[in-house]
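Chain A is already provided as a structure; the job is to place chain B on it using the hints.
There are 2 protein chains.
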Amino acid sequence: MEIKSDHPTRVILYDTTLRDGAQREGLSLSVQDKLQIAKLLDRLGIPFIEGGWPGANPKDVQFFWQMREEPLTQAELVAFCSTRRPGRTAAEDPMLQAILAAGTRYVTVFGKSWDLHVTQGLGTSLEENLAMIRETLTYLGSQGRRVIYDAEHWFDAYRHNPDYALQTLVTAAEAGAEWLVLCDTNGGSLPHEIAQITAAVLAESHHLRHLPLGIHTHNDSGTAVANALAAVQAGVRMVQGTINGYGERCGNADLCSLIPNLQLKLGYTCLPEEKLQHLTEISRSISEVVNLAPDDHAPFVGLSAFAHKGGIHVSAVQKNPLTYEHIAPEQVGNCRRVVVSEQSGLSNILSKIAGFGFVLDKSDPQVRSILERLKTLELEGYQFEAAEASFELMVRELLGQRSHPFEMLSFNISTTTRSDWSSKDWDPTGGEADVQSLAAVKIVVQGQTRVTAAEGNGPVAALDGALRKALLEFYPQIEQIHLSDYKVRILNGQAGTSAKTRVLVEFSDGHHRWTTVGVSTNIIEASCRALVEGLEYSLLPPSSPLPIDYRSSATATRVS
Amino acid sequence: MEIKSDHPTRVILYDTTLRDGAQREGLSLSVQDKLQIAKLLDRLGIPFIEGGWPGANPKDVQFFWQMREEPLTQAELVAFCSTRRPGRTAAEDPMLQAILAAGTRYVTVFGKSWDLHVTQGLGTSLEENLAMIRETLTYLGSQGRRVIYDAEHWFDAYRHNPDYALQTLVTAAEAGAEWLVLCDTNGGSLPHEIAQITAAVLAESHHLRHLPLGIHTHNDSGTAVANALAAVQAGVRMVQGTINGYGERCGNADLCSLIPNLQLKLGYTCLPEEKLQHLTEISRSISEVVNLAPDDHAPFVGLSAFAHKGGIHVSAVQKNPLTYEHIAPEQVGNCRRVVVSEQSGLSNILSKIAGFGFVLDKSDPQVRSILERLKTLELEGYQFEAAEASFELMVRELLGQRSHPFEMLSFNISTTTRSDWSSKDWDPTGGEADVQSLAAVKIVVQGQTRVTAAEGNGPVAALDGALRKALLEFYPQIEQIHLSDYKVRILNGQAGTSAKTRVLVEFSDGHHRWTTVGVSTNIIEASCRALVEGLEYSLLPPSSPLPIDYRSSATATRVS
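Keeping their order, the protein sequence lines are chains A and B. Letter 123 of the first sequence, counting from 1, is numbered 123 in the numbering used here, and no numbers are missing. Letter 490 of the second sequence, counting from 1, is numbered 490 in the numbering used here, and no numbers are missing.
A hint or two may mislead.
Claimed, not checked - Simulated pairs of lysine-lysine, BS3-like, Cα-Cα distance not exceeding 27 Å:
(1) A:K487 x B:K375
(2) B:K442 x A:K424
(3) A:K59 x A:K39
(4) A:K424 x B:K352
(5) B:K59 x A:K487
To be verified - Just the calculated beta-carbon pair ranges, DEER-fashion:
(6) B:N161 x A:P365: 39 to 47 Å
(7) B:A199 x A:R159: 20 to 28 Å
(8) A:R450 x B:E69: 32 to 40 Å
Stated by the list, open to error - Taking beta-carbon pairs under 8 Å as the criterion, some of the chain B residues facing chain A (in silico):
(9) G26
(10) T119
(11) Q120
(12) T124
(13) C250
(14) E407
(15) F474
I should point out that these hints are in silico values taken from the structure, not numbers from a laboratory. Ideal placement from N, C-alpha and C gives every residue a C-beta, glycine not left out.
Isolated chain A (complex conformation):
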């Protein structure tokens, strides 16, 4: 397979999530994580996948080793390294031996473009740096490797000393590079500078063997995506970036924004058309693998990217999506969402509850009563936009469609210090809490009363434990459900300890996630409410394929 910029509207994607992305503070990839991510990127149709710097750490060596066992179906796996060290030959540099051992067809070599980095950073001469570039590329070529050359700090380098910077590129081109990639390593450039300097490089194309150029940008100015677009518009043919914009400091250019911008807005071809629809799924799967919460507000792929809140927006978007959507969300595999809040109008409510399977007419007094209830509860501190499960239960209640699968009659939760506890000697680094919570609950399930108790790290964990003990006997599926997130907000903090507390609890059954809300002046009661609703929601029958049409009569009927 040849990956070539064979057409003026083709842009070659180069993913560096596994190398530059892994530099993000708080992100740590196991070999297994890396293998999973490589497969996901391959499935998305990314042509170049940079796997890491084999030799720099044992993990990357192992990753490349395992990749030889299970090669990618489409993509080229690329090994990444620097030019040889100053003052030794390429063949003698153990770093380059490790690169060869990784066994990839392509190697990306980064070299210094900026004189300041050569003299101050590497502590060597400008001539030796050129030799390092030349000899590294020549050596890798002699060993059958195809080389992508990353010109580190290119834009800063060019601003400081354009002649020397260009010499490094000419050297790489003459030593056999296939691509020359201009890197904005510090992320400080703005789009107009990227455009100008890229154009200046292209004007020197005859000295660079007419090699195609690439662009590698960082987000320190908040313009990584725009910088890459500016470079493509100036004539660059390869774009480097990471999924979800992971990367050191403020991250790399986010491929999840770049790809749809290039393909849907600028008319370039990056991915096969049918693959673009997998973008949202791949973005979220990779955030699962790296165990970082997805950014709900990410362009194109975020949960909120096509969420409509204001009443005016919702009614307009229903008439014509173009009015408030820049692309059709399905093009990137995302979907439109209508968010309910006190700012919602009737049309928000209607479309939301249609999603629960209830079709009502705008003039139906039940719709108004749902809206009224929503506003009353939001005044009390409820917030349903992040707690759709509680909203659905509230709607069911008002429509007479809520079957309480259990009723909790009382609880008592006590939290007690252990015997050797003291406020004076308390060691916060001890790990385990020095206090213990115990919850007892009384519940009626299917006409039968149960009294159960459980211990926990905290009062909410204890309550959760006690509830489950009572429910498992009747609803064994509860076992699959766990709390996946827990948020507390004090609503009127100024009122001190008598302030109202809003608790949001997220649940998961391994496939789906749902969130409930509870509000009370007592944090335990607020948590209890959210817990009860979350478990109740999990016991709802799977949503019916036929929505119930409330428009034709006063009672529920199916849409025929």
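The following block gives chain B in isolation, referenced to the frame of chain A:
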């Protein structure tokens, strides 16, 4: 005060965090939150602060009402609204009466630019839309208001029907607008389109009474910041955005990126020079107020924005910061972080503890042990930036200068449902909590043991009550002290109910306020820790006018 674009390099900032920012899914502002944010923006030196749409909801009415009691020191507070409704006069539109009642000097009116929105969205004629713009602006002008005109969907409108779009702007200009703001409402434009269309508008300037232009961008393409920069470079003189880029869907242009890009990179003046250093602090304070975790990877103001990992970067950056930093972090009030270094922070520590009255030398092993302890505790989830009282107690402990005025030996807190409680019938609008908390504590004060108990709305209120009962006998001054704020953050939410909880409690004696922090897997224990420290802090002797100099001898001596 006049806010004018009186100089070609001046860019006027217009903040819409309180209005467009509040559209962010998951963000909900109380009136109190809005007042706090307005003050922070005023302190930063933002000239225009859009406060909301008075009349659209009771909260915004109340906000503008309260702002009349406590006006801003520098900024113009702006009310936001649409043009009058179709088919009625401006004077008869109750929406505009609510705007006038808000009592601001400036009003921002948004109108439709896009024919599609007029005919399909509003369902009215193109002529009526022009009349709505004209009459709304004329009416507000006749009532002494100065008007900023937001041309909604400007860029889409211009692409679809440039003639009609321009007619709407001409109408607004002739009807007395002071500014014409081009809005990329759907966020779908890319920088080159913004530049082209802005230039086309400026070419029509003679029809627009040479009014200055503004830009309002959204981040749906991941280019909101670059889009605003492109408009400024094309000649726009007002930039609208939000702090931290909060906003509907993918957010608005982030002022925290825009301001330093404009001021430090492009040479425009936005903020007084000394204010720019408050940017990081204001960004983080606002994320505290709205209770959203700050984005650590945000450009310029994020915790990781100037974080360097070990090795090449660190040594290079220490030789010359220019090598890996696009700006000096101090310029925006952020700081360099060397992720695995013990060196960082010593001078911070020294200056902080000098504020408590302890003067130590950098080489003193005690300083290092304070730094070590700080790092250990921050790893455990503590955060002392917002809890200096706890930090001072920790420093005193390590210097042997902490006299525990009391020691708590045990507590037991139980929370119980009232007799008629049921999860099924629970009415969240009932006001009083339906559960009651009771706390019992055992304390040693001045060698005497006391066991006390108290009831409360919630477990923390009960604990606070019991503690006070025991302490009042010995320290009557405790009576003056009350809890003025209480904040809870779950640190690793994904761990569900076994996550760690960080509690910040703010105390006040009517004159001073101080904050303490507690962290535990048990929320009750975390709250207890913060409570105990807050009360202990109130019992510290008034800080001595003479700092204790630790430099001259091993024991504490006064500076003479």
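Taking the hints in turn, this is what the structure says about them:
At most 27 Å may separate the alpha-carbon atoms for a hinted pair to count; A:K487 and B:K375 meet this at roughly 25 Å. As the CA atoms of B:K442 and A:K424 are separated by approximately 13 Å, the hinted pair is consistent with the 27 Å bound. Of the supplied pair hints, the one linking A:K59 and A:K39 holds, its CA atoms being roughly 17 Å apart against a limit of 27 Å. The straight-line distance between the Cα atoms of A:K424 and B:K352 is roughly 24 Å, inside the 27 Å bound, and the hint therefore holds.
Distance hint between B:K59 and A:K487 is fulfilled; the C-alpha atoms sit about 24 Å from each other, no more than 27 Å. Roughly 41 Å separates the CB atoms of B:N161 and A:P365, a value that falls within the hinted 39 to 47 Å. In this structure the hint that B:A199 and A:R159 lie 20 to 28 Å apart at CB holds, the actual value being about 26 Å. Under the hint 32 to 40 Å, the C-beta atoms of A:R450 and B:E69, about 55 Å apart, miss the expected range.
Proximity of B:G26 to chain A holds as hinted, the smallest CB-CB distance being about 5 Å (cut-off 8 Å). Because the smallest distance between the Cβ of B:T119 and any Cβ of chain A comes to about 10 Å, over 8 Å, the interface hint for this residue is violated. Given the 8 Å rule on beta carbons, the hint for B:Q120 holds: about 5 Å separates it from the nearest Cβ of chain A. Look at B:T124: its Cβ only gets to about 13 Å from chain A, farther than 8 Å, so that hint breaks.
Checking B:C250 against chain A: minimum C-beta separation of about 5 Å stays under 8 Å; hint holds. The interface hint given for B:E407 is met, as the beta carbon of that residue sits about 5 Å from the closest beta carbon of chain A, less than 8 Å. Hint status for B:F474 relative to chain A: violated, with the closest Cβ pair at about 15 Å, above 8 Å.
Going down the numbered hints, you'll see the structure goes against 8, 10, 12, 15, while the others check out.
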